[in-house]
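If you want the building blocks of each chain, they are given just below.
Number of protein chains: 2
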Amino acid sequence: MNTSTDARGRLVAAAQEMFAAQGVGATSPRQVLAASGVGQGSLYHHFPTKHDLAAAAVGATVADALAAARRDLDDAPDGDRTDALARVVAYLERPRDALAGCKVGRLTSDQAVMDDDGLRDVVTAYFVRLLDAVAATLRDAGLPEGAARDRAHAAVAIVQGGYVLARATGDPDAMRAAVRGFVTLLTDNPEETA
Amino acid sequence: MNTSTDARGRLVAAAQEMFAAQGVGATSPRQVLAASGVGQGSLYHHFPTKHDLAAAAVGATVADALAAARRDLDDAPDGDRTDALARVVAYLERPRDALAGCKVGRLTSDQAVMDDDGLRDVVTAYFVRLLDAVAATLRDAGLPEGAARDRAHAAVAIVQGGYVLARATGDPDAMRAAVRGFVTLLTDNPEETA
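Residue numbers (the UniProt record's numbering), protein chains in the order written: chain A, 1 to 194; chain B, 1 to 194.
Hint data in this document are derived by calculation from the structure and do not stem from the laboratory.
Keep in mind that the hints are not guaranteed to be accurate.
Simulated coverage check for chain B against chain A, where a stretch passes if three residues somewhere in it have a Cβ under 8 Å from a Cβ of chain A [as the list claims (entries may be wrong)]:
hint: 1; region: 140 to 151
hint: 2; region: 172 to 185
From chain A, some residues computed to sit far from chain B (all C-beta separations above 12 Å) [claimed, not checked]:
hint: 3; residue: P29
hint: 4; residue: G37
hint: 5; residue: T184
Short, incomplete list of chain B residues facing chain A, as computed with Cβ under 10 Å [claimed, not checked]:
hint: 6; residue: Q22
hint: 7; residue: Y44
hint: 8; residue: H51
hint: 9; residue: R106
hint: 10; residue: M114
hint: 11; residue: R120
hint: 12; residue: T124
hint: 13; residue: F127
hint: 14; residue: L131
hint: 15; residue: A157
hint: 16; residue: G161
hint: 17; residue: G162
hint: 18; residue: Y163
hint: 19; residue: V164
hint: 20; residue: L165
hint: 21; residue: D188
Just so you know, even glycine gets a beta-carbon here, dropped at the ideal spot from N, CA and C.
Can you build the whole structure from these sequences, using the hints too?
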């Protein structure tokens, strides 16, 4: 990695941190510049506008989150049914910093993101891909298409809602309780009975 | 209702609308005053500070949301088990403006609320009471204490996460799919089998 890409990476990493902590709207490129420790010329070279910087940082946050989900969900070579359900449970039970909130989910409450078509599309694409990945794993576990999609929406909603509950109550156990309540139901019903 | 309480009510209603649309931090008392149509003297008479206005509006939003949940969840006179589960399903399936987001849940992403101990406590109390009400209904449905609490957290997380998914994808069906996926599991498992 040369000095230029290193400066770019430090700018993106600093923007990701600050966006997660205080939102996109409340973060100025100048603050990101100060936090990153790179020279001012690098900022304007790599990111002429705040939109360019926000797109890179939101894109990196989404790529990180999707990669983490895929590590939990991706196919085992044998395609075993029980194993597929265990992968969904692993996705649900992965330790999360509940009080910090989901770095992607919180962007849906960030007006500066939702008012910007380009940024909103990146957030939308994350959830569409995540829901597809969970639904595919639930189909591997033996669920028919419609039930797999509904249950995938429920699984992702449990994680997102768990973050909301943890932040609202100031208690990370609130998220763990939501996941536990859902996983108990999920593993008692590995296949559609209706 | 005299003119003074009417002016107070209009100020609170206008603040509730604007907080839901653009957040507490981005809303000035002056904007609320303009939207309410009341005289400037009324604003400073009823709400000397922005905190006073925010506390009244957040309190009213929480009271409305809790009353709506209690209408779905409150005990039927006969305490019938199936009926108790049906009440939880009614809470989950109540039609919601999914794309607008939860008026209370979104406050957990509003830094102006979470940084203010008084406002944050009002939001926390809402979720504690809502979780208690859902857990009590699930105990009426025959679940033991621990399972009822976990499943109540899951139910409230489904609603909150459903809002996040609907806003993120721009599709209100995303919330309905999450609720449907959870309700199918819930009604297939009316009692703890583990």
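Now for the hints, and whether the structure bears them out:
no. : hint       : in the structure
1   : 140 to 151 : holds (count 4)
2   : 172 to 185 : holds (count 10)
3   : P29        : 19 Å, holds
4   : G37        : 25 Å, holds
5   : T184       : 6 Å, violated
6   : Q22        : 7 Å, holds
7   : Y44        : 28 Å, violated
8   : H51        : 20 Å, violated
9   : R106       : 6 Å, holds
10  : M114       : 7 Å, holds
11  : R120       : 8 Å, holds
12  : T124       : 5 Å, holds
13  : F127       : 4 Å, holds
14  : L131       : 8 Å, holds
15  : A157       : 3 Å, holds
16  : G161       : 3 Å, holds
17  : G162       : 5 Å, holds
18  : Y163       : 8 Å, holds
19  : V164       : 4 Å, holds
20  : L165       : 6 Å, holds
21  : D188       : 5 Å, holds
Consistency with the previously given hints fails for numbers 5, 7, 8, ordered from lowest to highest.
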